[in-house]
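**Student:** Sequence:
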Amino acid sequence: MTVIILIAAPEGLRGHLTRWMVEVNAGVFVGTPSRRIRDRLWDLLATRIGDGQAVLVEPAANEQGWTVRTAGKDRWKPVDFDGLILSARSRR
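Numbering (this note's numbering), first residue to last: 1 to 92.
Because the hints were derived from the structure by calculation, they are not lab data. Be a bit skeptical, because a hint or two may be false.
[As the list claims (entries may be wrong)] Just the calculated beta-carbon pair ranges, DEER-fashion:
1. Val79 / Asp43: 33 to 41 Å
2. Ala88 / Val22: 36 to 44 Å
3. Ile7 / Asp39: 19 to 27 Å
4. Pro78 / Val30: 28 to 36 Å
[As the list claims (entries may be wrong)] Calculated pairs, DMTMM-like style, for lysine to aspartate or glutamate (alpha carbon to alpha carbon, straight line, at most 20 Å):
5. Lys73 / Glu11
6. Lys77 / Asp51
7. Lys73 / Asp43
8. Lys77 / Glu58
9. Lys73 / Asp51
10. Lys77 / Glu63
11. Lys77 / Glu23
12. Lys77 / Asp43
Keep in mind the model is a prediction, meaning the values are calculated, not measured. Positions of the beta carbon are idealized from the N, C-alpha and C atoms, including for glycine.
Model the full assembly from the supplied sequences, consistent with the hints where possible.
**Tutor:** Following this line, the structure appears as structure tokens:
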């Protein structure tokens, strides 16, 4: 299962995601796209997110069973801490 969260996304981006995933709440998308579709969706999101934020949670072969990707401005960054993925925010 894949989860994508969009915050302050430009117009049209949410509509594009509904072609492949279900919007279960405003800006929260859930689905099971193939790895190829997921990577192409992420490339599109990362280039078009602008001042917004995007987070993608996807299956992975690690202890947690998932990994995360982030894009956009003022974002949380995934950090590997002894095999656990934690989120860190940059200091200003």
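**Student:** Indicate, hint by hint, whether the structure satisfies it.
**Tutor:** Consistency of the hints with the structure:
1. Between Val79 and Asp43, the C-beta spacing of about 23 Å breaks the proposed range 33 to 41 Å.
2. Here the CB-CB span from Ala88 to Val22 is close to 30 Å, at odds with the stated 36 to 44 Å.
3. Between Ile7 and Asp39 the CB atoms are about 21 Å apart, so this pair conforms to the stated range of 19 to 27 Å.
4. The hint said 28 to 36 Å for the Cβ distance between Pro78 and Val30, and at roughly 19 Å that hint is violated.
5. Restraint check: the Cα-Cα separation between Lys73 and Glu11 comes to about 17 Å, which is no more than 20 Å; the hinted pair holds.
6. The straight-line distance between the Cα atoms of Lys77 and Asp51 is roughly 16 Å, inside the 20 Å bound, and the hint therefore holds.
7. With a C-alpha separation of about 16 Å, the suggested pair Lys73 and Asp43 falls inside the 20 Å cut-off, and the hint holds.
8. A distance of roughly 15 Å separates the Cα atoms of Lys77 and Glu58; the hinted pair therefore holds under the 20 Å criterion.
9. Only pairs whose Cα atoms come within 20 Å are accepted, and Lys73 paired with Asp51 is accepted, the gap being roughly 5 Å.
10. A distance of roughly 19 Å separates the Cα atoms of Lys77 and Glu63; the hinted pair therefore holds under the 20 Å criterion.
11. For the suggested pair Lys77 and Glu23, the alpha carbons sit about 24 Å apart, so the restraint of at most 20 Å is broken.
12. Note on Lys77 and Asp43: the hinted pairing holds, with a Cα-Cα distance of about 17 Å set against a maximum of 20 Å.
Consistency with the previously given hints fails for numbers 1, 2, 4 and 11, ordered from lowest to highest.
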